[in-house]
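*Asks:* Protein chains in written order, with the numbering used here: chain A, 133 to 748; chain B, 99 to 444.
Please keep in mind that the hints were generated in silico from the structure rather than gathered at the bench.
Check each hint, because a few of them may be wrong.
DSSO-like cross-link-like pairs, simulated, lysine-lysine; straight-line CA separation at most 27 angstroms [as the list claims (entries may be wrong)]: (1) B/Lys423 with A/Lys575; (2) A/Lys569 with B/Lys115; (3) A/Lys387 with B/Lys150; (4) A/Lys572 with B/Lys150; (5) A/Lys387 with B/Lys125; (6) A/Lys572 with B/Lys427; (7) B/Lys420 with A/Lys315; (8) B/Lys150 with A/Lys327; (9) B/Lys125 with A/Lys565; (10) A/Lys326 with B/Lys125; (11) B/Lys423 with A/Lys327; (12) A/Lys713 with A/Lys626; (13) A/Lys207 with B/Lys444; (14) B/Lys423 with A/Lys411; (15) A/Lys326 with B/Lys427; (16) B/Lys125 with A/Lys365; (17) A/Lys411 with B/Lys427; (18) B/Lys444 with A/Lys413; (19) B/Lys420 with B/Lys390; (20) B/Lys444 with A/Lys552; (21) A/Lys575 with B/Lys125; (22) B/Lys427 with A/Lys552; (23) A/Lys143 with B/Lys427; (24) A/Lys565 with B/Lys444; (25) A/Lys569 with B/Lys444; (26) A/Lys552 with B/Lys420; (27) B/Lys252 with A/Lys552; (28) A/Lys713 with A/Lys207; (29) B/Lys150 with A/Lys413; (30) A/Lys387 with B/Lys353; (31) B/Lys316 with A/Lys413; (32) B/Lys252 with B/Lys125; (33) A/Lys411 with B/Lys420; (34) B/Lys423 with A/Lys572; (35) B/Lys444 with A/Lys362.
None of the values given here were measured: they were computed from a predicted structure.
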Amino acid sequence: MPHTKRQIVEKESVVVKFVGDSGDGMQLSGSVFSDSAALAGNDLATFPDFPAEIRAPQNTVAGVSGFQVHMGSEKIFTTGDMVDVLVSMNPASLRANLKWAKKGATILVDTDAFDEKSIEKAGYKQNPLEDHSLEAYHMIKAPITAMTKESLKELGIDNKTAERSKNMFALGILYFIFNRDLKMAFNYFEERFKKNPKLVEINKVAIQAGYNYADTVEALESVIQVGAAKMPKGRYRNITGNTATAWGLLAASEKSGRPLFLGSYPITPATEILMELAKHKSLGAKVFQAEDEIAGICSSIGAAYTGSMACTTTSGPGLSLKSEAIGLAVMTELPLIIVDVQRGGPSTGLPTKSEQSDLMQALFGRNGDGPVIVIAASTADNCFNYAYMTAKLSMEHMTPAILLTDGYLGFGSALFRIPKMSEMPPINPPIAKANDKDYKPYKRDAETLVRQWALPGTDGLRHRIGGLEKENITGVVSMDPMNHQVMVDLRAAKVEKIADVIPDQEIDGNKKGDLLVVSWGGTYGAVHSAVKKAQSEGKSISHAHFHYISPLPKNTEKVLKGFKKILVCELNSGQFVNYLKMKFPLPNFHQFNKVQGLPFMINELNDKFNQILEEK
Amino acid sequence: MDFVNTTIERTTVQLSKADFESDQMVKWCPGCGAHAILAAVERVFPKIGYRKENFCMISGIGCSSRFPYYVNTYGIHGIHGRAAAISTGVKIANPRLSVWMATGDGDSLAIGGNHFIHVIRRNVDINILLFNNQIYGLTKGQYSPTTPMGKVTKTSPQGTIEHPFNVGELVMGAQGTFYARVPDNNITMMTEAMFEAAKHDGTSIIEIMQNCIIFADKAHNDVIGKEHKDENMLLVKNGQPMTWGKNNEKGLILKDTMLEVVEIGINGVTADDILIHDAYNQDPGIHLMLAKLAPPHFPMVFGVIRSAMFPTYDDMVEEQIKYAKENSKIRNVDDLLNSGDVWDIK
Ligand SMILES: Cc1ncc(C[n+]2csc(CCOP(=O)(O)OP(=O)(O)O)c2C)c(N)n1
Ligand code: SF4
Ligand SMILES: [Mg+2]
Numbered sequence: 133m134p135h136t137k138r139q140i141v142e143k144e145s146v147v148v149k150f151v152g153d154s155g156d157g158m159q160l161s162g163s164v165f166s167d168s169a170a171l172a173g174n175d176l177a178t179f180p181d182f183p184a185e186i187r188a189p190q191n192t193v194a195g196v197s198g199f200q201v202h203m204g205s206e207k208i209f210t211t212g213d214m215v216d217v218l219v220s221m222n223p224a225s226l227r228a229n230l231k232w233a234k235k236g237a238t239i240l241v242d243t244d245a246f247d248e249k250s251i252e253k254a255g256y257k258q259n260p261l262e263d264h265s266l267e268a269y270h271m272i273k274a275p276i277t278a279m280t281k282e283s284l285k286e287l288g289i290d291n292k293t294a295e296r297s298k299n300m301f302a303l304g305i306l307y308f309i310f311n312r313d314l315k316m317a318f319n320y321f322e323e324r325f326k327k328n329p330k331l332v333e334i335n336k337v338a339i340q341a342g343y344n345y346a347d348t349v350e351a352l353e354s355v356i357q358v359g360a361a362k363m364p365k366g367r368y369r370n371i372t373g374n375t376a377t378a379w380g381l382l383a384a385s386e387k388s389g390r391p392l393f394l395g396s397y398p399i400t401p402a403t404e405i406l407m408e409l410a411k412h413k414s415l416g417a418k419v420f421q422a423e424d425e426i427a428g429i430c431s432s433i434g435a436a437y438t439g440s441m442a443c444t445t446t447s448g449p450g451l452s453l454k455s456e457a458i459g460l461a462v463m464t465e466l467p468l469i470i471v472d473v474q475r476g477g478p479s480t481g482l483p484t485k486s487e488q489s490d491l492m493q494a495l496f497g498r499n500g501d502g503p504v505i506v507i508a509a510s511t512a513d514n515c516f517n518y519a520y521m522t523a524k525l526s527m528e529h530m531t532p533a534i535l536l537t538d539g540y541l542g543f544g545s546a547l548f549r550i551p552k553m554s555e556m557p558p559i560n561p562p563i564a565k566a567n568d569k570d571y572k573p574y575k576r577d578a579e580t581l582v583r584q585w586a587l588p589g590t591d592g593l594r595h596r597i598g599g600l601e602k603e604n605i606t607g608v609v610s611m612d613p614m615n616h617q618v619m620v621d622l623r624a625a626k627v628e629k630i631a632d633v634i635p636d637q638e639i640d641g642n643k644k645g646d647l648l649v650v651s652w653g654g655t656y657g658a659v660h661s662a663v664k665k666a667q668s669e670g671k672s673i674s675h676a677h678f679h680y681i682s683p684l685p686k687n688t689e690k691v692l693k694g695f696k697k698i699l700v701c702e703l704n705s706g707q708f709v710n711y712l713k714m715k716f717p718l719p720n721f722h723q724f725n726k727v728q729g730l731p732f733m734i735n736e737l738n739d740k741f742n743q744i745l746e747e748k
Numbered sequence: 099m100d101f102v103n104t105t106i107e108r109t110t111v112q113l114s115k116a117d118f119e120s121d122q123m124v125k126w127c128p129g130c131g132a133h134a135i136l137a138a139v140e141r142v143f144p145k146i147g148y149r150k151e152n153f154c155m156i157s158g159i160g161c162s163s164r165f166p167y168y169v170n171t172y173g174i175h176g177i178h179g180r181a182a183a184i185s186t187g188v189k190i191a192n193p194r195l196s197v198w199m200a201t202g203d204g205d206s207l208a209i210g211g212n213h214f215i216h217v218i219r220r221n222v223d224i225n226i227l228l229f230n231n232q233i234y235g236l237t238k239g240q241y242s243p244t245t246p247m248g249k250v251t252k253t254s255p256q257g258t259i260e261h262p263f264n265v266g267e268l269v270m271g272a273q274g275t276f277y278a279r280v281p282d283n284n285i286t287m288m289t290e291a292m293f294e295a296a297k298h299d300g301t302s303i304i305e306i307m308q309n310c311i312i313f314a315d316k317a318h319n320d321v322i323g324k325e326h327k328d329e330n331m332l333l334v335k336n337g338q339p340m341t342w343g344k345n346n347e348k349g350l351i352l353k354d355t356m357l358e359v360v361e362i363g364i365n366g367v368t369a370d371d372i373l374i375h376d377a378y379n380q381d382p383g384i385h386l387m388l389a390k391l392a393p394p395h396f397p398m399v400f401g402v403i404r405s406a407m408f409p410t411y412d413d414m415v416e417e418q419i420k421y422a423k424e425n426s427k428i429r430n431v432d433d434l435l436n437s438g439d440v441w442d443i444k
């Protein structure tokens, strides 16, 4: 820890947000800062918040880019509702983000950016730094641009490059505020800009200058100390949900011995999985960027037929395009992993915002009765495990499986405890043996109802499959009415039987009580935090967060029946609650829904809990 | 068969037609041109020289797409229009398979048009049998993207008002490396084109002028019918002059930038003046001109019009993987998980 003469204030958790214009380098500032927090032993979660447009007009609210970091000496479950420290590089970013600042929050602004034109472009009538509108906050007003230029004078670089380093000067101030060691940032620069020593030097000088400036200004009477979190022993890294998903798939491929094939088409917020997997050809991953989503999934079905662990990744609009082909995978009973990183819909909707509104589409969005496995990850880091489990169950049970994540999980990051591959559960796909005289395409395991996977090239197993209904066992095309009934029932029973191998639904809290709060997918952190708060206030409240959605865990009904009221919270208009009502027609379901492209706030959840508890 | 592709395992036993006959009843209408195409395939597959387990037959939806059920290979009867995408996945995932695709003019040029041009552009090593009957057969007689303008069908009671695709032109527009056109009434021409397609590394398109006896009977008759073929069919062979006619008296020459029909012995034209077919030319210029020729002023060109060597997509996938495996420090998932910024908490 660097020494400081200032008073040190200990905090359990702090939310910091860097905001500025798209070109201001806020994503980099956020990454450097969160890396240092992690190295200092904090638990953390991060979330980038960038505009839908690549190049929105400069200095407008539409062009504001942000990066939020929630760090703590306790376990961190969300990226944070309200911000403790806001770093704002221009008027537009201040205007767009002030509503997220806690009363009394520390706000660092670059006064140089508050010129008349930028103030006007941001939509302010007058300079907010001068009209007393910010008196509720602890303002640090620093001429960051000018001081950055001044500090870099000696390096003989052009004005523009110098100006672009103002984010690092601001970051230096933050390092001082949080009593962080600059060495961690220096290491980051040296690694990241290995090929450009000049850039390393510029960044080092700028951040040091910011740090020194903070040390001299009187606005800073104290510094904040966030201690190391108590975390299980092990090796850690910071990981985004999309990277974790990609790596989970790679892990399942290695474990199963089935080569990974990805057929995909770029779409926000799922593209990062495609890009990540494209980097890992050394692990044998075959990544095919198709001409559209339909080709993405159809190429994957072809690959699955040959024995690959075939995947396709997309977001809502792409899942719509894949519907017919998912039906083909259902009919052919091939393993196929479909990842849907949900975003706000319908149609193009809110591409960069998060929602949970593809659940019904995942469960039922096909012609005919087409049951599939549906699994939802709940944190950025557990995307790894659930991607792995989705692949495992899909292959072992010869059925397409959909993994639901969302933009919030995909772009967000969390600390990931790195597993050892030797500790991951085994994956044993039912591969048919060469020259098996008894092989029939739709002959099934008596217990699991799973058919065998006969790979082209194998001696003695030539067979055809396809979208037309097939006769049970033989796989011959059949339009027989009773056979269709049998096959529809078998396909459903096969998926339902997976409930035998998935874990029971856990309850956080007592098994009986006044209120069970139910949630699924990416809302885990917020709902968990809100339930914990309510429990600490002595309320009779428990939490069941679902990861396995189709099939549901076997004990689901029992879990639901332990409570007087059930409140299902989700970021859609009530898709999971209606699914549960359909399966378990109980009279005591309530719902809390939000479709604003924003995550739940802990406070609004607690308000809802209280309201439901009080209702007669 | 003299063979070049070493990726696909050769058979060690002599194969015959019986090895590829399926036990399924063939349900095409009696007199449908598809029967002859099946006969040609059953003749070709045993002679290509690959193990019988290494053939994979993919299709979409349509009468033509029932094909996989009728040959005893591995196969997928897919969904409408998507056969090219499914085939692409099969071939990339397992380049040791000889992938064949059966498709119709509606399947590949209407609903599946996008996949069709992209598989060609990528030059994925698959062989596509395009049954062009100029009609939607399975759905009982609606016009297709190859139906001639003005034709009366069930959905064009006053005649179509659409310009049809010329398949060869489309293939070359998509940078196709192999294109052959064959009639369903000449099994020799069909089998020869299929052998050439099998030999060709890259996407091979064989457009088969197929007769749908029920909904578009005799659609190709003006060209390939017995009474018209001498006049209207030019069968090209690599390295040979492009001549046709009852006595091979007609020929093609290149005048300025255009092809022209001449008659040998007239106006001082000799056999030496006739253009020689060069199917292997990488430049598609003349191939495109040949594909577009049609009666009444020209013959329609049949046989292998283009067979040019270009790298295949699937080979390049393998090369990139090989390179990555030899050069990357990340050799397994444990390496990957522990790469970059990691730290230990004790
Ligand atoms: C998604 C979808 N749309 C429409 C159909 C109906 N359909 C089946 S085959 C076909 C056209 C077939 O024409 P073509 O590809 O030329 O095959 P042919 O029957 O002539 O061999 C159509 C429209 C379908 N099966 N699926
Ligand atoms: S409808 Fe036409 S294309 Fe289809 S099987 Fe009958 S004749 Fe052949
Ligand atoms: Mg047709």
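*Asks:* Are any of the numbered hints broken by this structure? If so, which, sorted upward?
*Replies:* 1, 3, 5, 6, 7, 8, 9, 10, 16, 18, 19, 23, 24, 25, 27, 28, 29, 30, 31, 34
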